[in-house]
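**Student:** Chain residues, written in single-letter form:
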Amino acid sequence: MIVDYFRRGVVAGVATGLAYGLYLVFVGNPLSEYLHEAQHDHGHDHGHGHSHDHGHAVSETTTAIVSAGSGVLWAILLGGLFATALYFLEPALPGTDAVGPYVLAAAGFVTVSGVPWLVLPPAAPGAEQLYTIEARLGIYVALVGLGAVVSAAAIGGYRRTASRSRLLGVTVGAVPLLATAIVLPLVAPSIVTHPDLPGDLVAAYQALAVLTQAGIWFGLAFTVDRLRGRDRRRTATDRTRAGHSNVA
Amino acid sequence: MATETVSDRIALARADLSIPEAAAGLAFGAAIAFTLVFLQEPLAHDAMHNFRHAAGITCH
Numbered sequence: 001m002i003v004d005y006f007r008r009g010v011v012a013g014v015a016t017g018l019a020y021g022l023y024l025v026f027v028g029n030p031l032s033e034y035l036h037e038a039q040h041d042h043g044h045d046h047g048h049g050h051s052h053d054h055g056h057a058v059s060e061t062t063t064a065i066v067s068a069g070s071g072v073l074w075a076i077l078l079g080g081l082f083a084t085a086l087y088f089l090e091p092a093l094p095g096t097d098a099v100g101p102y103v104l105a106a107a108g109f110v111t112v113s114g115v116p117w118l119v120l121p122p123a124a125p126g127a128e129q130l131y132t133i134e135a136r137l138g139i140y141v142a143l144v145g146l147g148a149v150v151s152a153a154a155i156g157g158y159r160r161t162a163s164r165s166r167l168l169g170v171t172v173g174a175v176p177l178l179a180t181a182i183v184l185p186l187v188a189p190s191i192v193t194h195p196d197l198p199g200d201l202v203a204a205y206q207a208l209a210v211l212t213q214a215g216i217w218f219g220l221a222f223t224v225d226r227l228r229g230r231d232r233r234r235t236a237t238d239r240t241r242a243g244h245s246n247v248a
Numbered sequence: 001m002a003t004e005t006v007s008d009r010i011a012l013a014r015a016d017l018s019i020p021e022a023a024a025g026l027a028f029g030a031a032i033a034f035t036l037v038f039l040q041e042p043l044a045h046d047a048m049h050n051f052r053h054a055a056g057i058t059c060h
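Protein chains in written order, with the numbering used here: chain L, 1 to 248; chain G, 1 to 60.
Keep in mind that the hints were calculated from the coordinates and are not lab data. Honestly, I wouldn't trust all of these hints.
[Stated by the list, open to error] Output of the computed footprint for chain G on chain L, the stretches with three or more beta carbons under 8 Å from beta carbons of chain G: (1) 28 to 34; (2) 90 to 96; (3) 123 to 130; (4) 210 to 219.
Virtual Cβ for every residue (Gly too), placed ideally from N, Cα, C.
Isolated chain L, as found in the complex (with noise of 0.2 Å):
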């Protein structure tokens, strides 16, 4: 059963990677060549240094090409943790089964992206970060626990309470997100700034990766439930087949 969960989840991984992928190829790789090629001749205007000198290993197709594979990939990826997760957490997710994969990828969103986002907000290029790159992964990581432990608290805060009242379940379930969401952002330093670029263009930008990741999301609930219903549908119609075949 848990190999037919995990089919699913990288099959659904498979299709909203291609789609997040084009989304790479039209928007994502243009946007991000864009903002760094405006920001090298602005930084060179003011003579400060920027930290995208190294941005020329590579030339812009191979970057073009990999990224938007990367793009398939990650989906891929989170397709895959995804239903392993599902399998695994169902009983405990509120809602008929119709509902939990999109509860589950709520959390998902929350722990993967929106609970770390909240201290590293997605950067632009040419983000100037107050940080090593060893000390921000360190931190992703343990945001991303503490993302868990959120998400787990909201579902267990609604489970707990939705059967008295479903108005005091939702309550008490958006306590621990909205605790996070105003509480973090203000003890967190601000790590990423963008000295170079204009306050709505990064704006713009991060909403596009909030708009983007939470899409992934959505369209991995999306398949695997779809996929799921076809499953049964189809074992329903082997089974009355079979059944004919005795008969007859």
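Following the hints, complete the assembly by docking chain G onto the known chain L.
**Tutor:** Frame of chain L, contents of chain G only:
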């Protein structure tokens, strides 16, 4: 089915999968995660540069 618990699922997975199979799956996932998120080798890093920025993955 309705009363199934998380530990039932774990028990079922243990019966369905051998340890090498589970280890192979984990190793595969870890390899992809490492390549996409943690690998800082300059050639690989630069090639994945746009993806890491666009996906909001911590980078350089």
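**Student:** Are any of the numbered hints broken by this structure? If so, which, sorted upward?
**Tutor:** none
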